[in-house]
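Residue numbers (full-length UniProt numbering), protein chains in the order written: chain A, 1 to 205; chain B, 1 to 205; chain C, 1 to 205.
No lab work stands behind these hints: they were computed from the structure.
Just so you know, not all the hints are guaranteed correct.
What the hints assert, rightly or not - Below, computed lysine to any residue pairings styled on SDA-like, alpha-carbon distance capped at 20 Å: (1) B:Lys30 <-> C:Leu199; (2) B:Lys30 <-> C:Lys30; (3) A:Lys111 <-> C:Lys111; (4) B:Lys111 <-> A:Ala61; (5) C:Lys30 <-> A:Ala61; (6) B:Lys111 <-> B:Leu199; (7) A:Lys30 <-> B:Leu199; (8) C:Lys111 <-> B:Leu199; (9) C:Lys30 <-> B:Val166.
Residues per chain are reported as follows:
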Amino acid sequence: MTATLLIATLDVLGTFAFGLSGALVAVRRKLDLFGIVVLAVATGVAGGMVRDILLGDTPPAALRTLTPLGVAAGAGLCVFFLGPVINRLRRPVMVLDALGLGVFCVAGCHKALEFGLAIPGAVLLGVMTAVGGGMLRDMLAAEVPRVLHEEVYALAALAGALTYAVALRSGMPAIPATVVAALLAVALRLASVRFGWRLPRAPWG
Amino acid sequence: MTATLLIATLDVLGTFAFGLSGALVAVRRKLDLFGIVVLAVATGVAGGMVRDILLGDTPPAALRTLTPLGVAAGAGLCVFFLGPVINRLRRPVMVLDALGLGVFCVAGCHKALEFGLAIPGAVLLGVMTAVGGGMLRDMLAAEVPRVLHEEVYALAALAGALTYAVALRSGMPAIPATVVAALLAVALRLASVRFGWRLPRAPWG
Amino acid sequence: MTATLLIATLDVLGTFAFGLSGALVAVRRKLDLFGIVVLAVATGVAGGMVRDILLGDTPPAALRTLTPLGVAAGAGLCVFFLGPVINRLRRPVMVLDALGLGVFCVAGCHKALEFGLAIPGAVLLGVMTAVGGGMLRDMLAAEVPRVLHEEVYALAALAGALTYAVALRSGMPAIPATVVAALLAVALRLASVRFGWRLPRAPWG
């Protein structure tokens with residue numbers, strides 16, 4: 001009960017943080033109010049939509065309940081009206097975004113396992129749930145997705161999803177597995193920002 | 001009966017207009033004959049395809065009937081062979097495109113309501129049906145989708161879809177609701193072009 | 001039996017070749033190890049994923065079996081560690097890629113016909129299966145998809161898929177139809193590279 005509430009709360013916070021990041025990219029690209037809200041919504045809900053489409057669970061959750069749409073659109077409006085404030089809150093926004101990453105990679109992996117996928121496919125879906133919104137955000141902004149060339153972002157989602165799947169299949173109950181896996185993803189992400197970790201590029205590129 | 005025929009006719013005209021806009025972008029980007037036809041088809045049918053995928057109505061209508069594919073591809077060939085003529089017909093093409101916008105936002109919203117979505121999800125799907133093709137067109141052309149930063153385009157679709165959904169749920173029969181909602185979207189779109197309406201950008205951006 | 005094995009082998013080779021092409025683009029765009037593997041996987045499996053989503057066959061095959069993911073990711077690692085060698089093997093890689101094109105256009109068309117699509121829709125799906133991965137690769141790299149403006153690539157896939165569909169519907173058994181159609185696509189592709197065939201651009205563009 002409390003765990004469900006915790007996940008739901010984190011999910012809302014994560015959607016909000018993803019929405020903020022989408023809206024901030026939209027402002028940088030000089031989009032208008034509508035473009036800002038669209039990029040906020042796309043970043044906030046696209047990852048889960050892609051997951052639901054791939055699992056055949058249509059219409060996707062984000063079209064059936066109002067919460068994710070409303071939260072992400074609200075994030076867009078916040079940026080539109082309060083942009084400079086939010087720009088100054090860069091660090092808390094980044095922490096929120098890491099929380100979203102942790103929650104989404106576990107939630108995506110969990111749903112994929114429930115729909116009968118084996119571990120590799122479920123882990124991949126977990127990662128897509130976590131990073132899909134950000135990738136669409138950057139594709140809409142006509143940029144190479146940040147997740148492909150910057151920092152340990154998708155890798156943290158991969159570690160979280162893999163940990164969750166393996167823990168669950170090893171017999172750990174869902175709640176501790178969720179907490180451990182999500183915290184691992186969040187910690188990896190925050191540490192990579194704090195210490196400037198990067199993945200190597202091709203040595204000969 | 002006549003209403004169905006009217007919708008079907010407008011649908012063909014709208015697909016044709018969307019196909020023209022895709023093909024004109026393709027020519028501007030120096031694509032070859034195949035690229036021109038692909039962009040015409042993508043712009044003409046992608047919105048409806050995304051709607052059908054999200055509703056789980058697969059294979060999408062555009063793969064089951066020949067008409068939309070043929071009409072959109074035909075628009076591509078028209079541009080290839082008659083480009084300068086079509087460039088001179090810029091105003092009628094724009095009006096056709098506005099008609100397509102009005103028809104598609106109502107048709108998408110209608111189908112989503114039939115599939116059991118509530119009003120917010122159905123309105124969102126209506127907008128995606130209307131603007132999805134143009135967004136894919138611009139993403140394929142490696143540009144920021146025009147709908148995100150130019151003119152009152154998606155907003156007109158939003159107004160049309162919302163009007164349709166609310167009218168229908170308030171007990172108005174489908175045919176007058178369709179006419180009123182589609183006309184509203186078309187009028188908003190044409191007025192925004194005529195008077196140069198724009199949405200505001202972030203005041204601090 | 002032997003035919004199934006042949007198709008499966010070609011499918012693996014094609015996925016590997018598509019993965020190499022994705023990874024090479026990633027290196028050129030200075031992506032890190034993760035980005036290289038993601039672009040390899042996206043290029044290798046996205047075409048089939050889009051096909052399965054459009055057919056409503058979810059979760060898509062690429063999430064249910066490990067082989068395509070593993071093969072495509074392996075291609076990414078090969079490029080990361082052995083890039084200069086692979087760059088020198090440009091000609092064999094191009095031939096492998098043409099093989100992949102031939103196999104994928106036929107396999108996509110075959111599956112679409114099995115799912116009850118008529119010939120035009122099935123041919124379109126065959127082409128999307130063959131070129132979808134490369135299109136996503138270029139969209140992720142923020143470039144106009146190469147298939148839209150370079151060489152006879154998608155057209156070869158179109159010829160292969162159309163030949164397969166027509167041959168099958170004319171009563172030819174599946175195995176010879178597969179061989180003839182795939183070889184036609186491969187031959188068209190290789191000939192277009194060898195002789196520098198290009199499609200015309202709009203004469204007035």
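Is the hinted pair Lys30 of chain B and Leu199 of chain C satisfied, with a Cα-Cα distance of at most 20 Å?
12 Å, holds
Straight-line Cα separation of Lys30 of chain B and Lys30 of chain C no greater than 20 Å?
26 Å, violated
Do the alpha carbons of Lys30 of chain C and Ala61 of chain A lie within 20 Å of each other, as the hint requires?
36 Å, violated
What's the verdict on Lys30 of chain C and Val166 of chain B, does the C-alpha distance respect the 20 Å limit or exceed it?
50 Å, violated
Pair hint Lys111 of chain B and Leu199 of chain B, alpha-carbon separation not exceeding 20 Å
With Cα atoms ~29 Å apart, Lys111 of chain B and Leu199 of chain B exceed 20 Å; violated.
Checking one constraint from the list: CA of Lys30 of chain A to CA of Leu199 of chain B, max 20 Å. Satisfied?
Cα-Cα ~12 Å, so holds.
Does Ala61 of chain A sit within 20 Å of Lys111 of chain B, going by the straight-line distance between their CA atoms?
Holds - the C-alpha atoms of Ala61 of chain A and Lys111 of chain B are around 17 Å apart, at most 20 Å.
Are the Cα atoms of Lys111 of chain A and Lys111 of chain C separated by 20 Å or less?
Not satisfied, since the Cα-Cα distance of roughly 27 Å exceeds 20 Å.
Just to be careful, I want the Cα atoms of Lys111 of chain C and Leu199 of chain B compared with a cutoff of 20 Å; is the pair within it?
Answer violated: Lys111 of chain C to Leu199 of chain B is near 46 Å, above 20 Å.
Hints 2, 3, 5, 6, 8 and 9, counting from the list given before, are not met by this structure.
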